[in-house]
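S.K.: Sequence:
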Amino acid sequence: MSTAYPPQKQPGTEPTVADLVDRMTEQTTRLVRDELRLARVEYTEKAKQGGTAAGLFGAGAVLAWFGLGCLLATLILVLALFLPAWAAALIVTVVVFIAAGIAALLGKKKAEGLTPVPERTVETVQRDIDEIKESI
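Plus 2 on top of the position in the sequence shown (first one is 1) and you've got my numbering.
Keep in mind the hints are simulated off the structure, nothing from the lab. Source: prediction; values computed, not measured. Take these hints with a grain of salt, some might be off.
[Claimed, not checked] Straight-line distance between alpha carbons at most 20 Å, and here's what the computed SDA-like set of lysine to any residue pairs gives:
#1 K50 with K112
#2 K110 with E47
#3 K110 with I100
#4 K50 with A113
The task is simple: from the sequences and hints, build the whole structure.
M.R.: Structure (structure tokens):
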């Protein structure tokens, strides 16, 4: 025998207040659990996006560090080239720092769109509150 939810009542009988309170408690518990699950999923998504933004900022920092290394290496190696050492070092340094700036700006742009508020959860909770108010 399968039990249907809510339990079937005999025709002509109304649910008691205790039945209604019990049903409301179960539904509220289920609703809160579902909302918490949704919030957890949303925070996980935001953490992943934040990690990507942090990775891009890190890439910008690494490229800037390599820029300093390139500057020093260029100063040593360019002595044997036809260009003056300062000109070759300047060209390499500018290119590396432009790449670092682009990576940092991409990371900044990615991070600006993040908000710590779980919008979907807030929206569904607000809908639930409105629905409960309407039914009362």
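S.K.: For this structure, which hints from the list above don't hold up?
M.R.: The structure conflicts with no hint, since it agrees with every one listed earlier.
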